[in-house]
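Asker: If you want the building blocks of each chain, they are given just below.
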Amino acid sequence: MSAYVNKSAAAPDAEIPISMPTVRMTDLRARGEPFTWALGGALALGCLMIISFLLMVFWNGVTTFVPKDVAVVTSADGTVTAGEPSRTELYKVQPEILQTLKPEVQQAIKDNDGFASRTLYRTGNYDIYNEDFRWVSDYEVAKTEMPADILFAERVEWGPLIARLKSMNIDGQQIEPVDIGNAAFREAHTAARDRRARIAQIEKDDIGRINHKLEELRLDVRRAELKSGRDSPAHVAAQRELEERSKALEVEYKVLADEAARLRDINSRNTATFVEIGGREKQMAMDAIVRIYAANNLDLVDNIGIYISRWWEFVSDEPREANTEGGILPAIFGTAAMTLLMVIAVAPFGVITALYLREYAKQGRLVAFVRISVNNLAGVPSIVYGVFGLGFFAYVLGGSIDQLFYPERLPNPTFGTGGLLWASLTLALLTVPVVIVATEEALAAVPRSMREGSLACGASKWQTIKYIVLPRALPGIMTGIILAMARGAGEVAPLMLVGVVKLAPELPIDGFFPFVHLERSFMHLGFHIFDVGFQSRNSEAGKPMVFVTTMLLIGLIFIMNITAIMVRNKLKRKFKGSQF
Amino acid sequence: MNMDVQTLTFDDTIYHVKKGGQGTVLEINTLNLWYGAAQALHGVTMPIEKGLVTALIGPSGCGKSTLLRCINRMNDLVDGLKITGEMKLQGENIYARGADVIALRKRMGMVFQKPNPFPMSIFENVIYPLRVDGVTDKTILEETVERALKGSALWNEVKDRLQDSALGLSGGQQQRLCIARAIAGDPEVLLMDEPCSALDPIATAKIEDLINELTGHYTIVIVTHNMQQAARVSDNTAFMYLGRLIEYGDTETIFQTPKSPRTQDYVTGRFG
Ligand SMILES: Nc1ncnc2c1ncn2[C@@H]1O[C@H](COP(=O)(O)OP(=O)(O)OP(=O)(O)O)[C@@H](O)[C@H]1O
Ligand SMILES: [Mg+2]
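Chain order of the listed sequences is A and B. Under the working numbering, the first residue of the first sequence carries the number 11, and numbering increases by one thereafter. Under the working numbering, the first residue of the second sequence carries the number 761, and numbering increases by one thereafter.
Keep in mind that the hints are not guaranteed to be accurate.
[To be verified] Here's a subset of chain B near chain A, in silico, CB distances under 7 Å, partners left out:
| hint | residue |
| --- | --- |
| 1 | 862 |
| 2 | 865 |
| 3 | 876 |
| 4 | 888 |
| 5 | 892 |
| 6 | 895 |
For the record, the hints were derived by calculation from the structure and aren't laboratory data. Every residue, glycine too, gets a C-beta built ideally from N, C-alpha and C.
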C-alpha cells in the first residue's frame, strides 16, 4: 500500500499517521527585495534629477539680481579692465601666443599640459568698447583691485556702464566733483526719471487715446463708404465729422506733444559725465540711467535694496534692450491670459466630447476608432498644431471674421493673423485629448449603483448625468484639466506660428473698448526664454535672464496647478466617504 | 442534489396565491429573458397582489434580481438584452413599444442591495425624486422629507442634521435613507433587492419592522436570501429555480407544506 492511509479505513483508535511537512523555501528572488530596491533606486534617481534641475534653475534665478563686485584688473602690458567677474575656465593657449610669453609663464603653462586659466569679465560700456565681455588670462594679470568709487549703472540702452563719475551738468551748470551718494545727484536723477516716466505716460496713454479716437473716426468714414457707397450722404457726413473732430484732437495732441518735448528738452540738459577705466569720457542724460550704485562699496541694506528693486522691475515692467534687461510683465501676463483662455476653451469642449463618447454613443467599432484617434492626437508634434492653427484659425476663420465684421480695416488683418484667441484655441486643440481621456475615465469610474439609484428615482439620463455623474466625476475631470493646463502653459513651438511675438507693444487687456483684445499678438514666457537666450545681441548677457525667466515660468505653472489642485481636493473632500 | 442540469424537467408553476382583496397591481405573463445567448428567465407568469408583500426566494443565480429589475426596466441598461412576454402595471404594458420608461419608473421605488445614497445632503437625497420632477415648493419638499423619513423610521435620528452629507450616516441609516428616497415619490410598487444583506441584525430588524409597517400602504416585492426574513415579512412567496418560477403562493404554505419537492428541498436547506 502507499504511504497514504485512508483515515476511515483505519480502526477508530488506530494511530493516525502524520505526514511529514516538507520545508518550503522562499528564495531571495521570490521575496522580491532586489526588485523593491531597483524600483526604489529608479525613483530616487528620478527624484534626484528633478531636484537638481529645480535647484540649478532656482539657484541661478535667485542669484541673478544680487549686485556683484566690480574688479579692476591691470595687466602686465598696462591695459586696465574693469568688470564683474562672470566665470573662470581653463583653455588651451595658442602656440603663437605662447611664444610671446615670458619663459617662466611658458614653463608654468607647459607644466599644465598647455592649459591656462582665464576669467570672463562683464565690462559693459558696449557703446565705447563694442563688446560687453572680455577674457583676461590669469598670467597677464599684474594686479587686481576693488576700488570703492567705481560705479555700475544700468541704462535704458547700451547695457551697463562701468565707470567713475566725473561731473554733473544741470542746465549748463557744471558741478564737480560729484559723488552718487550726494543729495544733489540723487535729486537730479530722481527728477529726470520722473520726467521720463511722465513722457512715457503722455506718449503711451494720452497721445495713444487721441490716436485711438482718430483711428475710430477714420474707420467710421471707411465703414460709411463701404456701406452706403463713395460720396453718399453718410460718407460725406462721416468725412465732415472726421475733419471737425480731428481739428480738436490735433489741438489736444499739440498740447501734449509740446509738453513731452519740453520735458525731453529739460532731460537732455541734465547730464552726467563718466570716465571709464581707460580714461575715455562719456556724457549721458541722467534719465537714461535706470539704477546706479558703487559696486564695491555696498553694505547689506544697499545690497538688499538693489536686489528687491531689480526683482520689482523684473516682474512689473516692460522689457528693454532687446528683452535682455528690464521686466517681463507682458510675458507673464500673456502666458497667464493664454493659459486661462485655453482652459476656458478646452474644458467644456473636452468634457462634452467625452460625455458623448462615454454616455451616449453606442459603444461599437466607430466609437473605438474615434477613441484611438483621439489618443493618437496627443502624440502629434505640437508644431503641426501650430501650422493648423495658423492655416485654419487665423487665415480661414480669422479671415472670414475680418471680411464680415472688420471690412473697414482691411487689408490690415484684425483676426486674420496670429493672436491671443487663436493661440489659445490652438493649444486647446492640442490638449483636448488629455481632457477627453481623463474625463472618460472619470465618468467610467462613477459607480453603477449611483446611476441606477438615480434612474430608479425616475430621473432621465440627462438628469442623472447632470445631478449625479458629473459632480462625482468632477475631481477626475479637474485632474485632466490640470494636466492639460500644465502641458499647454509650457508649450512654445506652435505659439510662434499663431501669435507670440518677441515684443508686444500693447497688452491684450487695456482701457479701450472692448477692453479685452483677443486678436492682439502677445508675449509668452517660454518664447521669451528662447528669444533672450538664443536670439539676442549677445547671449552671454541674456543668460542670467534665461534662468530668472525659467524660474518664473515654472513658478507660474506651479501656482496655476496648485490652485487647480486645491479646487479639486475641495471637491474630492465633498465626495469622501461615498466608498464603503 | 447532484442532478444533471440538462436532464432536469420542469412541471408548470404551482400557484396558491393569497389574495390581498385589492386586485393585482402587476401582471407578469410568460416572461422570457436572454442576456445575449443565455436565457435567464423562462416563461415566468406571476400576478402580484396589491398592498401585499411578495418575497422572491431561490438559490443564487436563479434570476430573482433579473426579474425584479425587469419590473422597473432597470435591465434596459444591459447590452444584448432580449425580452419576450408581457408585464402589465395596472393593466398597462410596461414593455409596449413606445412606453415611457421614465414615467414608469416614477411609479415605482427601488431599494438596492448596497445602500447607494447620493453624495448630497440627507435632505437632497430624500427629495431627489421630486427635484427630478422639478418641484421647488419648499413646503412640499419639507413635508415630503418628514413623511418619507418617518416612513422609513429615520426621522428621529436625522431630523436635526438634514443638511449634513448623507455619506456620514451609518450603513443601516443609509439603507433606511434609500428607502425614504424610494417612498418619497409615493410609488405604487416598492422593489427591494436584498435590502438587508449589507446590514447587521439590529439594522435588519429595523428594516423588517419597517416593511411590516409599510404593508397595506405599498405593494412590496422583496428579494431575500434569508428564509426567516421572507417568512416574517411577506404575505406571498415565490420560489425560483434556474430561471423558472417553481412555486408561488402564500408564505405559510411555502414554508410549512410546500407543494413542490424542489421548494421543499430549498426551504428545508437541503440545497441552495
Ligand atoms: N448583466 C448581465 N449580463 C449577463 N448575464 C447576467 C447579467 N446579470 C445577470 N446575469 C445572469 O443571469 C442569471 C440570473 O442572475 P441574477 O442576478 O438575476 O441572479 P439572482 O437570483 O439575483 O442571484 P443572487 O441571489 O446571487 O443575487 C445568472 O446566471 C447571471 O449570471
Ligand atoms: Mg441578485
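Asker: Confirm or reject each hint.
Answerer: Do the hints match the structure? See the list:
1. Interface restraint check: residue 862 of chain B against chain A, minimum CB-CB distance 5 Å, threshold 7 Å, status holds.
2. This hint holds: residue 865 of chain B has a C-beta 4 Å from the nearest C-beta of chain A, less than the 7 Å allowed.
3. A least Cβ separation of about 4 Å between residue 876 of chain B and chain A falls short of the 7 Å threshold, and the interface hint therefore holds.
4. Because the beta carbon of residue 888 of chain B sits about 5 Å from the nearest beta carbon in chain A, less than 7 Å, this interface hint is met.
5. Hint status for residue 892 of chain B: holds, given a least beta-carbon distance of 4 Å to chain A, under 7 Å.
6. Because the beta carbon of residue 895 of chain B sits about 12 Å from the nearest beta carbon in chain A, more than 7 Å, this interface hint is broken.
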